[in-house]
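There are 2 protein chains.
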Amino acid sequence: MEEIKVGLIGWGTVGDSVAGLLTRQAELIFQKTGVRVRLAKLADVDLEKPREHPMDPGILVQDYREILTDESIRIVVELVGGTTVARTILLEAMEKGKHVVTANKALLAEKGPEIFEMARRKEVSIGFEASVCGGIPLLHSIRRGLVGNRIHSVKGIVNGTTNFILSKMTQESWGYEDALREAQARGFAEMEPSLDVEGWDACHKLVLLVLLAFRRSVSMDSVPREGITEITPQDVSYAAELGYVVKLLAEAKQGEHGIEMGVFPTLVPNHHPLAAVDGAYNAVEVVGDWVGTTLFYGLGAGGAATSSAIVSDIVSVAARLSGKGGDDLSAPTWNEQEPALCPPNLCTSRFYLRFTGQDKPGVLGLLATFLGEEGISIGSVIQKEGGDVVPVVIMTHPAPAGSILKALRRIEALDVVKGKTAVLRALGD
Amino acid sequence: MEEIKVGLIGWGTVGDSVAGLLTRQAELIFQKTGVRVRLAKLADVDLEKPREHPMDPGILVQDYREILTDESIRIVVELVGGTTVARTILLEAMEKGKHVVTANKALLAEKGPEIFEMARRKEVSIGFEASVCGGIPLLHSIRRGLVGNRIHSVKGIVNGTTNFILSKMTQESWGYEDALREAQARGFAEMEPSLDVEGWDACHKLVLLVLLAFRRSVSMDSVPREGITEITPQDVSYAAELGYVVKLLAEAKQGEHGIEMGVFPTLVPNHHPLAAVDGAYNAVEVVGDWVGTTLFYGLGAGGAATSSAIVSDIVSVAARLSGKGGDDLSAPTWNEQEPALCPPNLCTSRFYLRFTGQDKPGVLGLLATFLGEEGISIGSVIQKEGGDVVPVVIMTHPAPAGSILKALRRIEALDVVKGKTAVLRALGD
Chain A
12 MEEIKVGLIG WGTVGDSVAG LLTRQAELIF QKTGVRVRLA KLADVDLEKP
62 REHPMDPGIL VQDYREILTD ESIRIVVELV GGTTVARTIL LEAMEKGKHV
112 VTANKALLAE KGPEIFEMAR RKEVSIGFEA SVCGGIPLLH SIRRGLVGNR
162 IHSVKGIVNG TTNFILSKMT QESWGYEDAL REAQARGFAE MEPSLDVEGW
212 DACHKLVLLV LLAFRRSVSM DSVPREGITE ITPQDVSYAA ELGYVVKLLA
262 EAKQGEHGIE MGVFPTLVPN HHPLAAVDGA YNAVEVVGDW VGTTLFYGLG
312 AGGAATSSAI VSDIVSVAAR LSGKGGDDLS APTWNEQEPA LCPPNLCTSR
362 FYLRFTGQDK PGVLGLLATF LGEEGISIGS VIQKEGGDVV PVVIMTHPAP
412 AGSILKALRR IEALDVVKGK TAVLRALGD
Chain B
12 MEEIKVGLIG WGTVGDSVAG LLTRQAELIF QKTGVRVRLA KLADVDLEKP
62 REHPMDPGIL VQDYREILTD ESIRIVVELV GGTTVARTIL LEAMEKGKHV
112 VTANKALLAE KGPEIFEMAR RKEVSIGFEA SVCGGIPLLH SIRRGLVGNR
162 IHSVKGIVNG TTNFILSKMT QESWGYEDAL REAQARGFAE MEPSLDVEGW
212 DACHKLVLLV LLAFRRSVSM DSVPREGITE ITPQDVSYAA ELGYVVKLLA
262 EAKQGEHGIE MGVFPTLVPN HHPLAAVDGA YNAVEVVGDW VGTTLFYGLG
312 AGGAATSSAI VSDIVSVAAR LSGKGGDDLS APTWNEQEPA LCPPNLCTSR
362 FYLRFTGQDK PGVLGLLATF LGEEGISIGS VIQKEGGDVV PVVIMTHPAP
412 AGSILKALRR IEALDVVKGK TAVLRALGD
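From first to last, the protein sequence lines stand for chains A and B. Quick note: the first sequence uses the working numbering, first residue 12, plus one each step. Quick note: the second sequence uses the working numbering, first residue 12, plus one each step.
Next comes chain A alone, as it looks inside the complex (with noise of 0.2 Å):
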């Protein structure tokens, strides 16, 4: 019986959960597939920190190179995470022949024409099932499991840290800063939490769901993103009164104009499937134009639940190379042109503004009209008695974010709107 090695490089969290994992459960694995894998290496600058999965000293190493050149590895997995030495370790691992596993949606949302390039040129696999929405089987389903379908659109919550803050608030009526303390106390949030609240990481989800999806490769600068921070429990709050919840939406949709992108704070009705997704649960909606609609959902981060998706792919690689089936995990195709990709001034979406006018007689009329001038419809109006100035909330029919930016720019010169205007997406039509 052929034992498959595996080096694995970086022992935080999710590399102590992975190699917990693939000792614990060996057994349980081969018994369901017929396939040995062995951790044979273990790579890490500090070997000292305590782990809740202590391993064999025998297999631990400092410098990641021993991995790298041990040609009895087959399989690298690559945990480092980063953009620098992480990109040095997948090339220089594919480039020696080794198939490769990463959960490193920074890096293959930055860099992934080039990685999956080697992958393709060196005939290896490359594994990132763990890399969007941790343990949910989501990437390899998209891929294989729709591939009759022509997908329509893909959108989710991505990101257990900020929809964890929105819960909290959501739940609790507490203010962005609160919650977000509330995460970081819980290890949920890092302590410089832009990579989560500002998007980023979302981000870099889309953009690896696109190119699934899609077979479209975007740059992250071609993406629209928003984050959190300027959500305020009264924007939470009218949402509520509204019938919706606010959630981190990560969203591409084949429109008119093309591919319609974006990472948004969006207002989710609560009748759907994903209002209802709390905490640290991840879920993604993608719908088929044979298949319908469907949904996954599941725990997005931590240990654990990333390790069952790095592990499900090391056993497909080393399923392969025992020659007992194992899924197929080339590199994906894409192509840079097609289809093409909305200008982020046609997307369309339903919108949800919050202006702050002073209580006069006509200011709702004003506000109707500019934004009637854009063609812009207007679905529904909050507006209650007050002091001076009162808050208007406005959800308004499916426009092109254009549009609406245009008739913003407007009303916020009159006199009688004071301040910024708020503005969200909402789902529906």
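These aren't lab readings, by the way, just hints derived from the structure by calculation. Take these hints with a grain of salt, some might be off.
Stretches of chain B that chain A covers, calculated by requiring three or more beta carbons in the stretch to come under 8 Å of a beta carbon on chain A [said to hold, decoys possible]:
1) 36-50
2) 140-148
3) 157-167
4) 295-308
5) 311-325
Across the chosen pairs, the derived CB separations fall in these ranges [said to hold, decoys possible]:
6) B:G383 - A:P61: 28 to 38 Å
7) A:E193 - B:G254: 23 to 33 Å
8) A:E193 - B:Q245: 56 to 66 Å
9) A:E349 - B:S230: 49 to 59 Å
Built from N, CA and C at the ideal position, the CB exists for glycine as well.
Given the coordinates of chain A, assemble chain B onto it according to the supplied hints.
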């Protein structure tokens, strides 16, 4: 470029969609995978009936044997249904070395070992993704995507017909008979609906889920099963009052005494993701020891959705035959004895019990006493003022089914208790 020829047997609703998808999306599938799949022959006794996707008359045959004897056909898709001719087709096709794809849950649940043995002996692929939950890439996700996990439980809504009926009963307060008639009028239920409403279809699917999740073969008659024909508007309404919706759940979980499984109408808490699965949709929750809780959602039936899963199986096999990757669709393996099955009497659940008692002092005390003597503790009670006889609804904490039966036998012998008790399972601890 090698072209892989496919023969399709059975030109009903699903066959019509598969033929349409293969024809219309051939170019898309080629772009995605580099694989050319061609529908070479299509067999049905009735070739005259109008179809949504008319086919080139040159590929139509009345006798399926023309497909089995055609040596150029490498993949046979069986969409005949039933357990007689379909069995012959699959066994003969595999005997001739052809790969097979089927959506036939009844055949695989009842004669799975024979069919899968043949696939293994002849070393051919057998795709059956479409047999459970239509277009949702569920089976492959359980088998491959979650391969590193010991599965704790699978539970879900796997029959769209009963879910449609129960959704109507819940949302429109209809009786069972009216909801059934509506389902029949809309084509969601057969005129002879027992396969669906008695839970047989869900039971077929549960047998396949247990095979993949626990690698345990079980016979249909070892699965406790109840349909939805006895569900009353009264119970739906009490469930709502208690914060639940009634769903037909197929469930298998690893318990203390072995796998606890069954198909039962079950009260699902409103906040549980399965509670929001309405109408013709299916969803299955899968819990693994590393991945945690995952959920897969989509259309569980209908030609278009089902054909998405069938075509993904066809493309996987064709890719392997073309040397272009392709997922592993080798026959699953299983044990006959392991893990143990929990004796039905020891299977544990919360229970919803609706008694009809005389409106006399002390009746509730008697019920509580008799339940308590069987070790059953009570979670909540609804008793309202009424006429001579009043319903008493009791939600228990988790208790073995055998203890519930014993207590009911004693309770129903009481003079103050009239008629049979309504007994439903409830999710939750």
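Now the hints, each set against the structure:
Under the rule that three or more residues need a Cβ within less than 8 Å of chain A, the assignment of the region 36-50 of chain B holds, with 6 such residues. Judged by the Cβ-Cβ criterion of 8 Å, the region 140-148 of chain B is covered by chain A as claimed, because 4 of its residues qualify and three suffice. Taking a C-beta to C-beta cut-off of 8 Å, the region 157-167 of chain B contributes 5 residues in contact with chain A, enough for the three needed, and the coverage statement holds. Chain A is given as covering the region 295-308 of chain B, and this holds because 9 residues of the stretch bring a CB closer than 8 Å to a CB of that chain, at least three being needed.
Restraint check on the region 311-325 of chain B versus chain A: 8 residues with Cβ-Cβ distances below 8 Å, three needed, restraint holds. For the hinted restraint 28 to 38 Å between B:G383 and A:P61, the CB-CB distance of approximately 48 Å leaves it violated. At about 27 Å, the beta-carbon gap between A:E193 and B:G254 stays in the expected band of 23 to 33 Å. The hinted window of 56 to 66 Å between A:E193 and B:Q245 is violated, with their beta carbons roughly 44 Å apart.
The hinted range of 49 to 59 Å is satisfied by A:E349 and B:S230, whose Cβ atoms lie roughly 52 Å apart.
The structure fails to meet hints 6 and 8 from the earlier list, while all remaining hints are met.
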